[in-house]
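Here the structure of chain A is known, so what remains is to put chains B and C in place on it, guided by the hints.
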Amino acid sequence: MTPILSASGLTKRFGNRAACRDVGFELWPGEVLGIVGESGSGKTTLLNCLAGRLRPESGSVVYDSAAYGPVDVHDLSEARRRLLSRTEWGFVNQDARDGLRMGVSAGANIGERLMAVGARHYGDIRRTAAEWLERVEIEQDRLDDRPTTYSGGMRQRLQIARNLVSHPRLVLMDEPTGGLDVSVQARILDLLRGLVERLHLSAVLVTHDLGVARLLTHRLMVMQGGRVVEQGLTDQVLDDPQDAYTQMLVASILPV
Amino acid sequence: MPLLRVSDLTKSFVIHAQGGLALEVLRDISMAVSSGECVALVGPSGAGKSTLLRSLYGNYRADAGSILVRHDNAMVELVGAEPRTVLEVRRRTMGFVSQFLRVIPRVPTVDVVAAPAIALGSDSRDARRRAEFLLGLLGIPAKLWSLPPATFSGGEQQRVNIARSLIVDYPVLLLDEPTASLDAENRDRVIDLIRQRREAGAAIVGIFHDAAVRDAVATRVHDVTPLAPVAGVAA
Amino acid sequence: MQDASRDSGVESQAYNYAYLDEQTKRMIRRAILKAVAVPGYQVPFGGREMPLPYGWGTGGIQVTAAIVGRDDVLKVIDQGADDTTNAVSIRRFFAKVAGVATTTRTDEATIIQTRHRVPETPLAEGQIIVFQVPIPEPLRMLEPRETETRTLHALSEYGVMQVSLYESIARHGRIAKTYNYPVMVNGRYIMSPSPIPKFDNPKLDRSPALQLYGAGREKRIYAVPPHTPVKSLDFDDHPFEIERWDECCAVCGARDSFLDEVIVDDTGKRMFVCSDTDWCERRR
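Chains as they are written, first to last, in the numbering used here: chain A, 1 to 256; chain B, 1001 to 1235; chain C, 2001 to 2284.
Calculated from the structure, these hints are not laboratory results. Predicted, not measured: the structure shown is a model, and the values here were computed from it. The C-beta atom is built at its ideal place from N, Cα and C for all residues, glycine as well. Wrong hints could be hidden among the right ones.
The following label-pair restraints were derived from C-beta to C-beta distances [claimed, not checked]:
| # | chain 1 | residue 1 | chain 2 | residue 2 | range |
| --- | --- | --- | --- | --- | --- |
| 1 | A | Gly69 | C | Arg2150 | 29 to 35 Å |
| 2 | A | Ala66 | B | Asp1008 | 51 to 57 Å |
| 3 | A | His121 | B | Asp1072 | 26 to 32 Å |
| 4 | B | Arg1220 | A | Arg227 | 42 to 48 Å |
Chain A with its partners taken away, still in its complex shape (with noise of 0.2 Å):
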């Protein structure tokens, strides 16, 4: 078996700042990786390393795609990359709004990534975004409605089934779950989980909150200033943080 994922070396600076340093790890299909850190660990500047939207200055990131097997993410062709981000990988933004056509019907946004690669059947396309809000727990009766009239929590499912419509094989969030209301945050955690257990998705989830991390990963990697500082199984980071900082982190936790 191969990892779906390789990363090493990766330093990303802007200007004479280190955002991420010397990063390295690999994920194996089926894992689910946190990366959690405070603002400013670099957490999201790696998230973007890692999806091909900034170009590191140092290291590689090596995904082993079905398409063409290995490849190296920052050697693809614009072309290649580009069809990749809409077949093989998903991105959930933290925002929607950012990962969202806002003025097509949510039926269009789901149905984008299969139009994209030569579905022209109106019909098939329509039934299989209804079964998409199906399954994120949105009602049918709203498949013709813009995502400017959805609630947030709403538009961040519309966002995971619109990345999800073409079955990627690695998903990247970047904290797929902030700025929306507690429950609303459960909510779709709940519904991250069960789809990630049943699709058998490899994924990277960028969070600050610990509690999600703990819900939704397998393993952690704890950054501070742009390095990884603590790396393993979640429950063992959590339980048992070998490292200052993360030690610091987890007794930070406001008990409820």
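Positioned in the frame of chain A, the structure of chains B and C alone reads:
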């Protein structure tokens, strides 16, 4: 042929907030557990019994030593293992009844119990039926099966915990105070279940504060010698 | 009908032949060649100041000016008619600066410059039809950034166009676009056929004539060489369909041409008349 072999297991806790204070809890622990054995860990409070159990499960990180588990007909080293290796061993070979039920919120009890079986590929209907059977065996009334266990009493939660750990026939079972919050009737039910597993060939390591329970299920005892007077290390 | 200007040999002495200087014609011809070589691809060109404002056909005029020669016969139509103000102005312009013969008969023209229609008379090999184009980018309404639309064309990423057709069906029950209906040229580029009614789209498919498209304000030229496949976009279960009328032309009785609806009096009485004046006249 032991299913679990521990050699020279050593573990300290380093508390950085206390200036790097190091608490050595386990030093050179060695033991072997074979099929059909149930080893009871004994020793005073704070001696490291719970720490040992959690280290076996990979929930705590060992500093040195070796933990070998028989998994897929090979002995697999868990100390320093890749996370996916530990997860795989937990999925199929090693079960853990923790002292506190930490479950995913908002999931109905029957699904909490059925989850490990479904993760192994069981049909979800079969898994749920088996879950219901175990819950019934442990005296959880049917009207509670569709409710999330968060609002259950301590004893009920504990029994849900046990059911979840027994739904899969793990060859190795780790039990941390499995009868702690149970009344006599339920305690006896649990004792029966543990004995059944032991007789079916499981290798069991457990902590049983109740001497009667210990005498009922354990085949031998392992003394976890305390290293020094300890100051309330979280177990 | 032939304009008398040819016989009188009136060519304006103040301008170069066909108004544009030779360097400009050369630049436009190069753009045209490139456009013909890559059917449907929008070629940027250095559009010049023309004696009429943007929005009045400056792109079409520059294309015509670059290709017209003394032996050509020019027809100019606007919404199918030879006798509207704009068509008359442009025809007179070329008669003056190029001394070229002009006609209203489609089958006698070598160059046809048009706004918003394709003539009903089938075009033949050797003819050139020049379209006036306001917005050459078919994806513009869906993606406002030029940098992004260029990338989409380059990578053949046309999902967004199919999304807009889906959305039309979701909202209206059918693809509601009736003019400027997007087409796929030679199986590679999506093109705007200019604001012609979708009724005319089938005429573009494998036409024996050369199609040239000029957008003056946007400074783009594109082309479809003769016998090139031009396919109107649709869905398998919502196939492309042209407009049909219950009525026939009130003047010539035609049932197969594009009809304009004309309000006759203020009681709301209306009649339908062929948009193509030449076609209608010939049938009478």
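Hints and how they fare:
| no. | hint | in the structure |
| --- | --- | --- |
| 1 | A:Gly69 with C:Arg2150: 29 to 35 Å | 30 Å, holds |
| 2 | A:Ala66 with B:Asp1008: 51 to 57 Å | 45 Å, violated |
| 3 | A:His121 with B:Asp1072: 26 to 32 Å | 46 Å, violated |
| 4 | B:Arg1220 with A:Arg227: 42 to 48 Å | 47 Å, holds |
In this structure, the earlier hints numbered 2 and 3 are contradicted, and the remaining ones agree with it.
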